[in-house]
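Protein chains in written order, with the numbering used here: chain A, 347 to 459; chain B, 2 to 114.
Everything hinted at is true.
Just so you have them, the derived chain A footprint on chain B, three or more residues with Cβ under 8 Å:
#: 1; stretch: 28 to 39
#: 2; stretch: 42 to 48
#: 3; stretch: 105 to 114
Straight-line distance between alpha carbons at most 27 Å, and here's what the computed DSS-like set of lysine-lysine pairs gives:
#: 4; chain 1: A; residue 1: K424; chain 2: A; residue 2: K403
#: 5; chain 1: B; residue 1: K78; chain 2: B; residue 2: K53
#: 6; chain 1: B; residue 1: K57; chain 2: B; residue 2: K69
#: 7; chain 1: A; residue 1: K388; chain 2: B; residue 2: K53
#: 8; chain 1: B; residue 1: K78; chain 2: A; residue 2: K388
#: 9; chain 1: A; residue 1: K424; chain 2: A; residue 2: K388
#: 10; chain 1: A; residue 1: K388; chain 2: A; residue 2: K403
#: 11; chain 1: B; residue 1: K61; chain 2: B; residue 2: K78
#: 12; chain 1: A; residue 1: K429; chain 2: A; residue 2: K403
#: 13; chain 1: B; residue 1: K57; chain 2: B; residue 2: K78
#: 14; chain 1: B; residue 1: K69; chain 2: B; residue 2: K53
#: 15; chain 1: B; residue 1: K57; chain 2: A; residue 2: K388
#: 16; chain 1: A; residue 1: K388; chain 2: A; residue 2: K429
#: 17; chain 1: B; residue 1: K69; chain 2: A; residue 2: K388
#: 18; chain 1: A; residue 1: K388; chain 2: B; residue 2: K61
Quick caveat, the hints were computed from the structure, so don't treat them as lab data.
Even glycine gets a Cβ: it sits at the ideal position worked out from N, Cα and C.
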Amino acid sequence: EPEVTQTPSHQVTQMGQEVILRCVPISNHLYFYWYRQILGQKVEFLVSFYNNEISEKSEIFDDQFSVERPDGSNFTLKIRSTKLEDSAMYFCASSLTGDQPQHFGDGTRLSIL
Amino acid sequence: GNSVTQMEGPVTLSEEAFLTINCTYTATGYPSLFWYVQYPGEGLQLLLKATKADDKGSNKGFEATYRKETTSFHLEKGSVQVSDSAVYFCALLYGGATNKLIFGTGTLLAVQP
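All chains, please: the whole structure from these sequences, using the hints.
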């Protein structure tokens, strides 16, 4: 069964550094998403992406965050200058259409020191 | 606004016991409802879904019925196994102009042999 893959599984970064989290969505899916889960808290929506542009973003997704689909297979989340509070598990997801179930990757655990 | 409320965990059961995890939602209109499961060290996996009132989603012995009159989507299983130990998330997808999933807080299920 096709799946969403994320790399790396764990990223440790110094505060203030840039970090890029990578995702390969399911190949025929058209909608892409990033969510995050701070330890012990809810899974929170960050951003959705369709047709090479952001279709929706949450209040969390401020100017320090950006997303990109640099080629036909990858979908990346960049944090320009990381803060301690960015430490969380970041999940990528994709769906065939906007109202179809979203399929998640295994996540990247981001630790900011 | 739209929200999902799940029962607090952890839920601890013996093998072969009956499971219910309560989920209620607040939403305008007619959202789609989902249960996702997160096994230890893994990502979110879609367990089942229901897209309209009175639909019953089912998978791997788990069931949930979309009850519009009580705004609920409780997860049930007749006989749990140790391998069902995981965190279970109820989620809604409002659709329309927004494609973001809104998650409950998650309920940890621990099944003892």
